[in-house]
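Asker: This is what each chain is made of:
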Amino acid sequence: MSENVLEVRQLKKYFSLPRSSGGTVHAVDGVDLTIGQGEVVGLVGESGSGKSTVGKCIVRLLEPTEGTIRLQGRDITTASRRQLRGVRTEMQMVFQDPYSTLNPRMTIGDIVAEPLQLHKLARGRELDTKVAGLLDKVGLASHLRHRYPHELSGGQRQRAGLARSLSVEPSLLVADEPVSALDVSVQAAVLNLLMDLQRDMGFSCLFIGHDLATVEFLCDRVAVMYLGRIVEEVNTTDLFRAPKHPYTQSLLSAAVVPDPKLQRTRQRIVLQGDIPSPINPPTGCTFHTRCPVAQIPLCSDTSPALTDVTGRSHFASCHLITADGTAPDVTHSQTTENAWSKN
Amino acid sequence: MTTAALAVDNARAWRARRLFRRFASRPPAVVGLVGVILVVLIAIFAPLISPYDPAHGDYNHVFLAPFSAGHVLGTDDLGRDVLSRILQGSRSSLSAGLAATLLAAVVGVSFGLLAGYYRGPLDTIIMRATDVMLAFPFLVLAVGLAAILGPSLNNAILALAISSVPGYVRITRAEVLGLREQDYVQAAIVNGAPDRVILFRHILRNCVSPLVVQASITIPTMIIGEAALSFLGIGVQPPTASWGIMLSSAQGYISQAPWYALIPGVAIAITALSFNLLGDGLRDILDPRATK
Chain A
1 MSENVLEVRQ LKKYFSLPRS SGGTVHAVDG VDLTIGQGEV VGLVGESGSG
51 KSTVGKCIVR LLEPTEGTIR LQGRDITTAS RRQLRGVRTE MQMVFQDPYS
101 TLNPRMTIGD IVAEPLQLHK LARGRELDTK VAGLLDKVGL ASHLRHRYPH
151 ELSGGQRQRA GLARSLSVEP SLLVADEPVS ALDVSVQAAV LNLLMDLQRD
201 MGFSCLFIGH DLATVEFLCD RVAVMYLGRI VEEVNTTDLF RAPKHPYTQS
251 LLSAAVVPDP KLQRTRQRIV LQGDIPSPIN PPTGCTFHTR CPVAQIPLCS
301 DTSPALTDVT GRSHFASCHL ITADGTAPDV THSQTTENAW SKN
Chain B
1 MTTAALAVDN ARAWRARRLF RRFASRPPAV VGLVGVILVV LIAIFAPLIS
51 PYDPAHGDYN HVFLAPFSAG HVLGTDDLGR DVLSRILQGS RSSLSAGLAA
101 TLLAAVVGVS FGLLAGYYRG PLDTIIMRAT DVMLAFPFLV LAVGLAAILG
151 PSLNNAILAL AISSVPGYVR ITRAEVLGLR EQDYVQAAIV NGAPDRVILF
201 RHILRNCVSP LVVQASITIP TMIIGEAALS FLGIGVQPPT ASWGIMLSSA
251 QGYISQAPWY ALIPGVAIAI TALSFNLLGD GLRDILDPRA TK
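Residue numbers (the working numbering), protein chains in the order written: chain A, 1 to 343; chain B, 1 to 292.
Calculated from the structure, these hints are not laboratory results.
Incorrect hints may appear among the rest.
[Unchecked claim] Here are a few chain A residues that face chain B, going by a calculated C-beta distance under 10 Å:
hint	residue
1	L17
2	R19
3	S21
4	V25
5	K56
6	L102
7	V168
8	L212
Each residue gets a CB set at the ideal place from its N, CA and C atoms; glycine is no exception.
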């Protein structure tokens, strides 16, 4: 494996609120992320955890407040729009909403051709052939190239968006919840397509999502975000088999299992309350306010570092994980909690 | 020609045919289009089809009623042929309506795009300036400007155009504010599209429907505005005929010769209505999402 496609170090993105309300939203608060050649990394977390902001900072739709972003070794954190133009063919983004991702006044063919034209990668007949090839690659019938987005279904639009992003053969694709707005059956088709394309074209992918099942299906490695920070990061198998961080454990326990019998009997950890406000994040471990096993004052005083807890690249940030990698047992403590709340 | 190119051509032709069919299936729009074409043709060929010299008076035949021998629409207080003057008047009305609207739209849309896309201090300056202009009623502002600029058709057009710029700025800015957050605009940024491409291809093209509607409202307003300015003596100057001037000279004879006031009034109404109907039709067919 050669050098990493993407290296994000200590990325921070703060939004200042209008003076009247005051304060700063700590949307992303020190995120490290590395994506290797051809690797698919999932970024999961609940709404408001800052996962989309990370994606937008990487493609520089948002200006990072602090930190560095390196794309194939090149520091693009502070590159100007003009300087970025050369990098744009290297990274592309797929958006969540199939209804606003395509310009309603352009035909599908023109939309897919646009990046190629902007970067002067093809013209005339060559462009025609390339567009036809791309549409074929994403499974869109060739006659659709003369159609307008409103004449297409949600799944077809996401395919067209994918074709647009992949037209310049990027080395990194940031997919911001590309399937969460689609029907489940269509989701599966688009996910399969994304996986096939990734295998064929070999691009690296940052897959942002909240649906654990799709992440498990697609990703090599998963980073779990909570309140602007990554709390656990490990290869997909280990994450789903042996999650270490209490937040990850409860997140996994909330996901629906395809087997109804199992679904009925299994134990779920219900977190109390909402995700705290990123304007005024909790001190210490940001999760301690909702953590079923939090030990006050240890967890509320010092912020745990993201460390390799097993020695096999299983990163987690929790004070309660012991040196031998034993994770706190959230399920056990939750049972008592439930019993308590019933009384 | 290659088959691929042929397919593209066919698709274009097919789309044009579909647009035409959509337009043709709207009777009011067709009526509006016919009316507009008629007025435009009349304005272009006015000197050729006028039965008389519109400035030539005949003091032996003043206030002839319509359908008199030789004068289909009668004659005015100076014995000039009303039909000839109506035909000539269509030129100033039409040029005022179209030129003032075009000017207002170009200036207003440009400022609106800048304000909405770049935001910041530029936005504040542009929007406060339009607020100041909007504080004056449209016609009062136009009359004031025309009075300062001096009476002539060109100055009247300029005054009318300036007075309706704020409307275009506001509409455009409001649209741009919504559109710049759309994912396809974000996608264009990710693709490294220069501002000019984003502004014109992705933003302006999606503002077209409200702007066409606005234009279809302003053209008749401009036509009426030109008539008003000429009526007040600060627009087109006699002896050139204008519907506004005709109305203004007719008001002294409203009891003796009511048709004299009615005829230019009807001409203004028909022209304004035609543009309104056409504008409505255009708005409907220009939006690719609109279904019949």
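Asker: Could you check if K56/A really has its C-beta closer than 10 Å to a C-beta on chain B?
Answerer: K56/A check passes; min Cβ-Cβ to chain B is 8 Å, inside 10 Å.
Asker: Classify the hint on V25/A as holds or violated, based on whether any CB of chain B lies nearer than 10 Å to its CB.
Answerer: violated (18 Å)
Asker: When the nearest CB of chain B is found for R19/A, is that gap smaller than 10 Å?
Answerer: violated (16 Å)
Asker: A closest beta-carbon separation below 10 Å is what the hint needs, so does S21/A meet it against chain B?
Answerer: Cβ of S21/A sits 19 Å from chain B, so the hint is violated.
Asker: Against chain B, run the beta carbon of V168/A and see if the smallest gap drops under 10 Å.
Answerer: holds (8 Å)
Asker: Per the CB criterion, is L17/A less than 10 Å away from chain B?
Answerer: violated (17 Å)
Asker: Let's test the interface hint: is any C-beta of chain B closer than 10 Å to that of L102/A?
Answerer: This interface hint holds because 6 Å falls under the 10 Å limit.
Asker: Holds or violated: is the Cβ of L212/A closer than 10 Å to a Cβ in chain B?
Answerer: violated (24 Å)
Violation of the numbered hints given earlier is confined to hints 1, 2, 3, 4, 8; the remaining hints are satisfied by the structure.
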